[in-house]
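Protein chains: 2
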Amino acid sequence: MSSTRTITVELGGRSYPIVIGRDLLGGGFDLGPHLAGSDCLVVSNETVAPLYLDKLMGNLSDCVVETLSLPDGEKFKTIETVSAVLDKLVSCKANRDTTVIALGGGVVGDITGFAAACYMRGVAFIQVPTTLLAQVDSSVGGKTGVNHPQGKNLIGAFHQPRVVLIDTATLDTLPDRELKAGLAEVIKYGAIADRAFFGWLEDNMPALLEKQADALAHAIRRSCEIKAEVVAADERESGRRAILNFGHTFGHAIEFHQGYGEWLHGEAIAAGMVMAAELSGLNDSDSGRLRALIDAAGLPGRPPAVGSKAMLNAMGMDKKVLRKKLRFVLLDELGDAVVTAEYDKSRLQQVLEAAD
Amino acid sequence: MSSTRTITVELGGRSYPIVIGRDLLGGGFDLGPHLAGSDCLVVSNETVAPLYLDKLMGNLSDCVVETLSLPDGEKFKTIETVSAVLDKLVSCKANRDTTVIALGGGVVGDITGFAAACYMRGVAFIQVPTTLLAQVDSSVGGKTGVNHPQGKNLIGAFHQPRVVLIDTATLDTLPDRELKAGLAEVIKYGAIADRAFFGWLEDNMPALLEKQADALAHAIRRSCEIKAEVVAADERESGRRAILNFGHTFGHAIEFHQGYGEWLHGEAIAAGMVMAAELSGLNDSDSGRLRALIDAAGLPGRPPAVGSKAMLNAMGMDKKVLRKKLRFVLLDELGDAVVTAEYDKSRLQQVLEAAD
Numbered sequence: 001m002s003s004t005r006t007i008t009v010e011l012g013g014r015s016y017p018i019v020i021g022r023d024l025l026g027g028g029f030d031l032g033p034h035l036a037g038s039d040c041l042v043v044s045n046e047t048v049a050p051l052y053l054d055k056l057m058g059n060l061s062d063c064v065v066e067t068l069s070l071p072d073g074e075k076f077k078t079i080e081t082v083s084a085v086l087d088k089l090v091s092c093k094a095n096r097d098t099t100v101i102a103l104g105g106g107v108v109g110d111i112t113g114f115a116a117a118c119y120m121r122g123v124a125f126i127q128v129p130t131t132l133l134a135q136v137d138s139s140v141g142g143k144t145g146v147n148h149p150q151g152k153n154l155i156g157a158f159h160q161p162r163v164v165l166i167d168t169a170t171l172d173t174l175p176d177r178e179l180k181a182g183l184a185e186v187i188k189y190g191a192i193a194d195r196a197f198f199g200w201l202e203d204n205m206p207a208l209l210e211k212q213a214d215a216l217a218h219a220i221r222r223s224c225e226i227k228a229e230v231v232a233a234d235e236r237e238s239g240r241r242a243i244l245n246f247g248h249t250f251g252h253a254i255e256f257h258q259g260y261g262e263w264l265h266g267e268a269i270a271a272g273m274v275m276a277a278e279l280s281g282l283n284d285s286d287s288g289r290l291r292a293l294i295d296a297a298g299l300p301g302r303p304p305a306v307g308s309k310a311m312l313n314a315m316g317m318d319k320k321v322l323r324k325k326l327r328f329v330l331l332d333e334l335g336d337a338v339v340t341a342e343y344d345k346s347r348l349q350q351v352l353e354a355a356d
Numbered sequence: 001m002s003s004t005r006t007i008t009v010e011l012g013g014r015s016y017p018i019v020i021g022r023d024l025l026g027g028g029f030d031l032g033p034h035l036a037g038s039d040c041l042v043v044s045n046e047t048v049a050p051l052y053l054d055k056l057m058g059n060l061s062d063c064v065v066e067t068l069s070l071p072d073g074e075k076f077k078t079i080e081t082v083s084a085v086l087d088k089l090v091s092c093k094a095n096r097d098t099t100v101i102a103l104g105g106g107v108v109g110d111i112t113g114f115a116a117a118c119y120m121r122g123v124a125f126i127q128v129p130t131t132l133l134a135q136v137d138s139s140v141g142g143k144t145g146v147n148h149p150q151g152k153n154l155i156g157a158f159h160q161p162r163v164v165l166i167d168t169a170t171l172d173t174l175p176d177r178e179l180k181a182g183l184a185e186v187i188k189y190g191a192i193a194d195r196a197f198f199g200w201l202e203d204n205m206p207a208l209l210e211k212q213a214d215a216l217a218h219a220i221r222r223s224c225e226i227k228a229e230v231v232a233a234d235e236r237e238s239g240r241r242a243i244l245n246f247g248h249t250f251g252h253a254i255e256f257h258q259g260y261g262e263w264l265h266g267e268a269i270a271a272g273m274v275m276a277a278e279l280s281g282l283n284d285s286d287s288g289r290l291r292a293l294i295d296a297a298g299l300p301g302r303p304p305a306v307g308s309k310a311m312l313n314a315m316g317m318d319k320k321v322l323r324k325k326l327r328f329v330l331l332d333e334l335g336d337a338v339v340t341a342e343y344d345k346s347r348l349q350q351v352l353e354a355a356d
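As given, the protein sequences belong to chains A and B, one line each in that order. Here the first sequence stands for residues 1 to 356, numbered as in this note's numbering. Here the second sequence stands for residues 1 to 356, numbered as in this note's numbering.
Keep in mind that the hints were calculated from the coordinates and are not lab data. This one's a predicted model, so the numbers in the text were calculated from it and none came from an experiment. Hints may contain errors.
It does not matter which identical chain is used: a pair holds within one copy or between any two.
To be verified - Below, computed lysine-lysine pairings styled on DSBU-like, alpha-carbon distance capped at 30 Å: (1) K93 / K211; (2) K88 / K309; (3) K309 / K211; (4) K211 / K55; (5) K88 / K325; (6) K55 / K309; (7) K345 / K93; (8) K55 / K345; (9) K345 / K325; (10) K325 / K309; (11) K75 / K309; (12) K325 / K211; (13) K75 / K88; (14) K345 / K211.
Whole structure, please, built from the sequences with the hints as guidance.
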């Protein structure tokens, strides 16, 4: 059994640990001290619950635990599903000492966290992410929410978890396609904040794709460290936190036109990162390395043919539009991102034509 | 024209002014500096909009203003109505520099504030309360939210406004019954926190019922001062803020059984305060003064006949239930409230029998 590592997200009174290790779910890490009381609601989905719910229940044996299983898929990330979680909380008479636990990928975590944020104006919340993407990205930092028919993640709340429990053993059952989608966000961290980590990823991509435990543990740890640092400095995204959206302006437009679900989020982000790098006017060497790493991870390096006009229109609805001016996360070089409204408009047109 | 008074709710970076005066709506107080940008959505209802929307528009003449009118009534304080506000925000391509303005009573403010809290995980919000109850209570302190079929205000968020603009001229059109309902909350402030103010209310109740401007302005000002102080000390109700719920545990149970709407919130709170005072074992003199003042305000001093069992059951779903133990706001004497789980259980039974 490999060692357990803890990273702290420093947010004053709302600081919390991200605990990373193998076989933590069933009791390798004791959730007890992080619960608000003895009542819990575990929210999972029809895919993850059969695999890991029983294990997690072993960690909560001193508690009164209710469970709710959601349908699986991004298309259920709606206000209606949040309502269903709220109905469950009401029907089991959950109150202010109830802890809501999300067991699953990013969709389960986003929905469940938003419901925990809204129930009685906020009850305790724990993230137990079971996909690589959720482990390195969506479970950390307190962003919760759902999609609106007209735009991704338009409705939500900041609600920090009390602990993020990452049991890397849950990746054993993760389908390859979802593993790769998670690697898109891992690559993102190298691209925006750590050139050396980007180099490490180039060296270790085969090991990651083979799910070698040490390589995955290192990739998760370094990704969470970077995210924790960025979130601690700018919890509510008034500035620098926006660099975490590298590739997401384009990526969200792709997802919007694919109806949320055809492409996985990580796949859309991969193509989006290549587009954002192009808009950045990144030097040929760095640009080539980004394309090559995305390719090595088995991820798409260009958008589907949804049309450049449709892409631009969808981007008008993106949360990163500030004062009616499109803002982008661009790279000065690999490992160094900036948020800016200054960009080459003709180059944007050119970049979008990849979708024609 | 009487003078304008400003009270500040001290919440660090989220501090904001409550501005109280006559004829402020149309420009007597300039909202401009408090807007996030030049885009606004004003949410009102079918009763208030015809009376005051045009006036408010005069204050926003430099802005691009969209408007939305909701149906009037507590029964529309639902997640579905919040969805309608969110749909409007999406359809007018609101973004992070949009300011959402609530023009109306407590229901409009609660719904609109919750939508502002959820849209893009929080956009700027301004309260323009037009009922006495909203002016002295619901518009101040950042509590937003909606009802669930199983319980009042179960779903919501803390989202502080940027300014609360109280134009006392809006009370000119307020129906008497709603004026009285607002006075219930005014009486509450005296009962929980200011014995001298309670005495002032005893002396000035006839003037308040006649809508004498100076009396109303003083009552609103003192109520807002007390609320601002309590909220500043305990924004998220981890402790003392709960004293603001005096009478509300019983009151919410009454409202729940009346299906939200038969009794006004203030009427239910009036009866709830008498019940809570009785449970407190308040001395006869203070107890008599509370009953007499509620009676002088034309408010009910006892619950409707919904049944003591039904009341108790509804109270099991109240937000103030902590660790499965009922907590009450009780009075040591007029002007001094405590939050406690220590109460006389046989006396509770006796108090509830007023509903049989």
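Now the hints, each set against the structure:
1. K93 / K211: Neither: 42 Å inside a copy, 43 Å across copies.
2. K88 / K309: Between copies only: 24 Å across, 42 Å inside.
3. K309 / K211: neither (39 Å within a copy, 59 Å between copies)
4. K211 / K55: Within one copy, since 21 Å is at most 30 Å while 64 Å is not.
5. K88 / K325: For K88 and K325, only the inter-copy Cα distance (21 Å) is at most 30 Å; the intra-copy one is 41 Å.
6. K55 / K309: neither (48 Å within a copy, 41 Å between copies)
7. K345 / K93: between (54 Å within a copy, 22 Å between copies)
8. K55 / K345: Result: close neither inside a copy nor across copies, 52 Å intra and 42 Å inter.
9. K345 / K325: within (12 Å within a copy, 62 Å between copies)
10. K325 / K309: within (17 Å within a copy, 59 Å between copies)
11. K75 / K309: within (24 Å within a copy, 43 Å between copies)
12. K325 / K211: neither (42 Å within a copy, 49 Å between copies)
13. K75 / K88: both (20 Å within a copy, 21 Å between copies)
14. K345 / K211: This pair counts as neither: shortest intra-copy Cα distance 41 Å, inter-copy 60 Å.
Comparing the model with each earlier hint shows violations of hints 1, 3, 6, 8, 12, 14; every other hint is respected.
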